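Visitor: Chain by chain, the residues:
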Amino acid sequence: MEIYELTVEEIRERIISRDVSCQEVVTEIFKRIKSVEDRVNAYITLTEDRAIKRAQEIDKKLSCNEKVGSMAGVPVAIKDNMCINGIPNTCGSKHLENFIPPYDATVIEKLYDADAIILGKTNMDEFAMGSSTEYSSFGVTKNPWDLERVPGGSSGGSAAAVAAGQATCAIGSDTGGSIRQPASFCGVVGMKPTYGYVSRYGVVPFSSSLDQVGSLTKNVRDCALLLNVISGKDPRDSTSADIEYPDLLKSLNGSIQGLKIGVAKEYFDVGLASEVKDMVQSGIKVLEECGAEILEVSLPHSEYALPVYYLLAPSEASSNMARYDGVQYGHRAGDSSDLYSLYKDARTKGFGPEVQRRIMLGTYALSAGYYDAYYLKAQKVRTLIRRDFDRAFEKCDCIVSPTSPSTAFKIGAKTDDLIGMYKSDICTVPVNIAGLPGISIPCGIAGGLPVGLQMIGKHFDESTILNMAYAFEQNYDGQEIKGELEVLS
Amino acid sequence: MVSKISASEVEHVANLARLNLTDESKKVITEQLNTILEYAAKLDELDTDDVDPTFYVLPAGNVLREDVSEKSMDREEVLSNAPEKEDGAFKVPKVF
Chain C
1 MEIYELTVEE IRERIISRDV SCQEVVTEIF KRIKSVEDRV NAYITLTEDR AIKRAQEIDK
61 KLSCNEKVGS MAGVPVAIKD NMCINGIPNT CGSKHLENFI PPYDATVIEK LYDADAIILG
121 KTNMDEFAMG SSTEYSSFGV TKNPWDLERV PGGSSGGSAA AVAAGQATCA IGSDTGGSIR
181 QPASFCGVVG MKPTYGYVSR YGVVPFSSSL DQVGSLTKNV RDCALLLNVI SGKDPRDSTS
241 ADIEYPDLLK SLNGSIQGLK IGVAKEYFDV GLASEVKDMV QSGIKVLEEC GAEILEVSLP
301 HSEYALPVYY LLAPSEASSN MARYDGVQYG HRAGDSSDLY SLYKDARTKG FGPEVQRRIM
361 LGTYALSAGY YDAYYLKAQK VRTLIRRDFD RAFEKCDCIV SPTSPSTAFK IGAKTDDLIG
421 MYKSDICTVP VNIAGLPGIS IPCGIAGGLP VGLQMIGKHF DESTILNMAY AFEQNYDGQE
481 IKGELEVLS
Chain Z
1 MVSKISASEV EHVANLARLN LTDESKKVIT EQLNTILEYA AKLDELDTDD VDPTFYVLPA
61 GNVLREDVSE KSMDREEVLS NAPEKEDGAF KVPKVF
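Chains as they are written, first to last, in this note's numbering: chain C, 1 to 489; chain Z, 1 to 96.
For the record, the hints were derived by calculation from the structure and aren't laboratory data. Computed from a prediction, not measured in an experiment: that's the story for all the values here. Idealized CB from N, CA, C, for every residue including glycine.
So the derived label-pair ranges between C-beta atoms look like this:
#	chain 1	residue 1	chain 2	residue 2	range
1	C	Pro246	Z	Glu70	26 to 32 Å
2	C	Pro300	Z	Ala89	53 to 59 Å
3	Z	Lys4	C	Glu288	46 to 52 Å
4	Z	Phe90	C	Lys250	46 to 52 Å
Work the whole structure out from these sequences, hints included.
Guide: Shown next as structure tokens:
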């Protein structure tokens with residue numbers, strides 16, 4: 001097996017046992033990155049020199065028998081909306097293409113403490129607004145399974161990097177499905193934990209009550225390990241949860257006997273591609289064979305989740321995007337005659353069409369005379385959606401659904417179909433609205449493309465869905481989803 | 001819920017959002033916003049008179065800390081991304 005095919009745990013084990021050095025690992029991964037990157041375009045910025053330097057530092061620690069972190073020598077890719085001191089943070093946008101943060105996000109500090117090695121910043125839809133990575137100012141990322149298809153979005157670069165062996169694991173962000181949907185399209189494990197589980201300090205905000213940071217990995221154990229590292233209470237993020245953070249690896253025993261799994265019929269009425277429906281239903285059977293009890297639940301307000309999201313997220317985004325005025329950082333278009341022109345030029349020339357669209361929608365929805373009809377109304381329906389989940393969780397321990405109604409679509413197929421593009425998030429968006437944890441795991445291949453199965457848990461019950469995902473992974477007997485992708489050979 | 005945005009409203013909103021839209025893009029964006037608003041009008045089917053809004057999913061209220069001054073950033077760091085700077089300050093066109 002090549003180094004780029006190994007998991008987080010496998011790499012760490014070999015590093016601790018001195019089987020391979022950190023420097024060798026980093027060198028091999030960058031070899032892999034360079035051999036496929038011209039076809040995948042997963043990265044915006046690569047940080048090879050830094051990575052090698054860091055690898056040498058950790059190798060030195062090991063040779064002195066010093067203690068090393070839980071991710072010693074493990075290569076990780078970071079979505080380009082999380083600040084790393086001294087490395088460009090573009091958010092996939094022309095507006096920030098020259099922005100170099102002078103500080104590290106909490107997530108980055110934690111990865112440094114764990115001795116992980118950062119490879120670079122991955123491609124994304126501009127300011128995380130999108131479901132295909134087609135809205136990046138740095139070109140689209142190609143799905144490693146079929147280079148004519150999207151990797152999903154907005155964490156498309158992170159998902160593709162893991163799928164193509166260009167990173168052992170990756171960090172992404174998820175506001176309406178931006179980790180889970182690309183994970184599903186690229187055949188990797190993607191998890192968005194409960195809102196507040198991972199600090200958002202240093203993560204560029206899109207929609208502050210929905211954004212959450214999470215992981216993209218090759219398997220469930222790696223997912224648990226990575227979440228252990230990046231999670232925790234952070235006084236610098238006032239929405240960071242003040243709870244006991246369990247060791248998520250410890251919860252993976254693979255036993256789900258008697259666990260009650262809810263299947264919400266509403267998630268199967270959303271115009272699912274037939275092959276997705278079949279794969280997901282087979283997946284549910286696997287869980288049943290593991291001893292779980294499958295029961296039907298109802299989430300009657302599911303059909304309102306997407307309209308709620310497309311009022312809330314743009315509204316919050318319009319507020320968050322107000323800081324990009326070209327004064328302290330960001331794009332300045334040239335000779336602006338007065339301050340208002342400076343603002344308008346910086347924003348209009350720096351932001352792509354989807355970002356402008358959402359800012360316009362959000363500004364309108366929050367403006368005087370419309371706030372009650374739009375934003376407030378959406379927040380009230382949000383309560384109804386949250387209550388649906390609370391009621392369902394009285395009967396079951398977790399809920400399963402498809403991650404996305406289809407497999408990866410062709411590049412360009414949905415750019416003229418706004419609502420169609422938005423609908424690829426129809427199963428993931430409710431999870432953000434209710435602030436629940438959600439994981440997508442590969443459950444099969446259909447037409448040569450990966451299908452994702454989503455598991456939704458109760459607030460702060462990451463352990464249950466991780467263990468369920470683990471049990472599925474251990475017992476899944478279907479087509480090979482891992483291994484060298486033919487298209488990249 | 002109002003579900004159609006007019007051209008003059010688009011003009012007003014663009015100004016609030018500090019965006020310069022050309023006539024062509026105003027037309028396109030008006031159409032696109034109306035498509036989305038029509039879809040969002042679905043929420044009118046629900047009676048939410050007695051429902052409280054959920055602004056945050058966590059039960060946290062205002063999260064406060066002690067009013068103690070902590071280390072901030074060096075001026076150089078703060079100015080490091082400034083498109084234009086002068087005498088240790090950000091430079092912009094005249095306001096008055």
